[in-house]
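Chains B and L are the protein sequences, given in the same order.
For the first sequence, position 78 matches number 78 in our numbering, and the numbering has no gaps at all.
For the second sequence, position 354 matches number 1354 in our numbering, and the numbering has no gaps at all.
Just so you know, the hints here were simulated from the structure itself, not pulled from any lab data.
A portion of the hints provided could be inaccurate.
[Stated by the list, open to error] A short list of chain B residues far from chain L (calculated; beta carbon distances all over 10 Å):
1. N2
2. V12
3. R72
[What the hints assert, rightly or not] On the chain L side, residues computed to face chain B include the following (Cβ under 8 Å):
4. L1005
5. A1012
6. L1015
7. A1061
8. G1062
9. F1091
10. A1114
11. E1116
[Claimed, not checked] Label pairs and their calculated CB-CB ranges:
12. E53/B - A1105/L: 37 to 43 Å
13. N91/B - E1007/L: 56 to 62 Å
14. R1077/L - M92/B: 45 to 51 Å
Since this is a predicted model, take the numbers as computed values, not measurements.
Note that the Cβ used here is the ideal one computed from N, Cα and C, for glycine as well.
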Amino acid sequence: MNQVYVARAKEVAARRVGGELMILSARDSKLFSLNETATLIWEGADGVTPLAEIVDQRICRGFEVDRAVAFRDAEEVVTGLVEHGILKVSNMPIEETQ
Amino acid sequence: MSTLLEEMSATALRLGIPLGVQLDLTYRCNERCVHCYLDHDDHGEMTTAEIKELLDQMAAAGVFFLTISGGEILMRRDFFEIVEHARALMFCVKLKTNAVMIHEAEADRIEALAPESVQISIYSHRPEVHDAITKLPGSLKKSLAGTRLLVERGVKVIFANVLMRDNFQDYSGVQALAAEVGARYTVDPTITPMLDGDRSILNLNIERAELEQVFRDSSLLGTSAEEFCAPPPGALAEADAMDTLPCSASHTFCYVSPYGDVYPCVQFPLPTGNVRTTRFIDIWKYSPQMNEVRSITVSDLPVCSTCSHSGGSCSRCPGLAYMEGNMRGPSSQDCEKSYARTGVVTAGMKARQGAKSSVGLVQIRGSSFVAQANLAQL
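With the hints as constraints, model all of the structure from the sequences given.
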């Protein structure tokens, strides 16, 4: 299976407000609030760490969750964030990220 | 978006987070707009390093929405270095410019920085009117060229159309121009005093009848004219007045000048501290002036709390009230707006009328403004 790499889109702004990660996409000025899982993926999305490794390190280590289930959930989260222009996804490492 | 934004703002208010800041990089400008409230000399702007350090502090304090303005922001040679630093800190950046200095290279760099929007000042669709206001020949042509370069690159551009006597007739033309070039449009019918207190430019303000026209033009309103201009709902109930805040200044928003001075808002020049000597978060949290503004609710406004407009049809600016002499008093310009909008006289207008018809002391003291301001404190 090919590795999947995720990177934070350069068109977004982000800030934790009261413990909640808020993301604003400059593309359409839409504001998003990320849940805990999405926040962990966002924080790990440096473009060079494979998604599977992000799930292992940031989700499976911190929560009692089946790895296959966690990875499937993570893929769903990534799909949603990519649709909103918050994350970029590639089968190759993505060098440019903030 | 509005619900989530409201929730975020409520959280910031509850936790004392300065969610939004306007940072003016410079007061220098390549235009000399007749209505400008700034002195354009450089009295010792913050250095690049000082501004970057300030941005670091603001990010740590939780600032999310950063409006970068001036003066003309591109007059700073380090403009791009500063904005690149701000975007690396993940601020949501809004730029305010006249776009005169935006050419291909600048447009490319601005696109790469992904600002939330770029607001460009346009006063008329007619060069002779726009250029007479900016006092820079050819400025409309240059501003539109800069606009087109940004729009071509997918940058969201907003035309800010300040209305005054000389350009009031042209706002429909600016609206049409915005639509033609792919920009959004916003209108501001208020000329404000200069930051040093000089009120002479207020004579540029449009007449009441023109203000009434603006408030009834459905093309400018997000709602119907009937709804927007409906009679005021009445004064706030006492319990509500104790909970209702005048505006976001000092609560979730503040302003930083090119010299590092921190104020509750760009229109509220109450000195609260300077980031060259005190950390931003310490000014925000502990400045006595910031906390005084923060402590004021509508119930603390002796005149405005009794006004029938306080229930919703009032857009009172505490900064304008401060510049009239009392931050707890009415703002005569906002009273004018409420009246033009609804046809119902405000409590502030009644108080001023009472002051004018009272004693000759106003004339003896030689300043009706002083007398009005003092009476407003009652």
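Right, here's what the structure says about each hint:
{"no.": "1", "hint": "N2", "result": "holds (29 Å)"}
{"no.": "2", "hint": "V12", "result": "violated (8 Å)"}
{"no.": "3", "hint": "R72", "result": "holds (27 Å)"}
{"no.": "4", "hint": "L1005", "result": "holds (6 Å)"}
{"no.": "5", "hint": "A1012", "result": "holds (6 Å)"}
{"no.": "6", "hint": "L1015", "result": "holds (5 Å)"}
{"no.": "7", "hint": "A1061", "result": "violated (10 Å)"}
{"no.": "8", "hint": "G1062", "result": "holds (6 Å)"}
{"no.": "9", "hint": "F1091", "result": "holds (6 Å)"}
{"no.": "10", "hint": "A1114", "result": "holds (4 Å)"}
{"no.": "11", "hint": "E1116", "result": "holds (5 Å)"}
{"no.": "12", "hint": "E53/B - A1105/L: 37 to 43 Å", "result": "holds (39 Å)"}
{"no.": "13", "hint": "N91/B - E1007/L: 56 to 62 Å", "result": "violated (37 Å)"}
{"no.": "14", "hint": "R1077/L - M92/B: 45 to 51 Å", "result": "violated (38 Å)"}
When the structure is compared with the earlier hints, violations turn up for hints 2, 7, 13, 14 and for no others.
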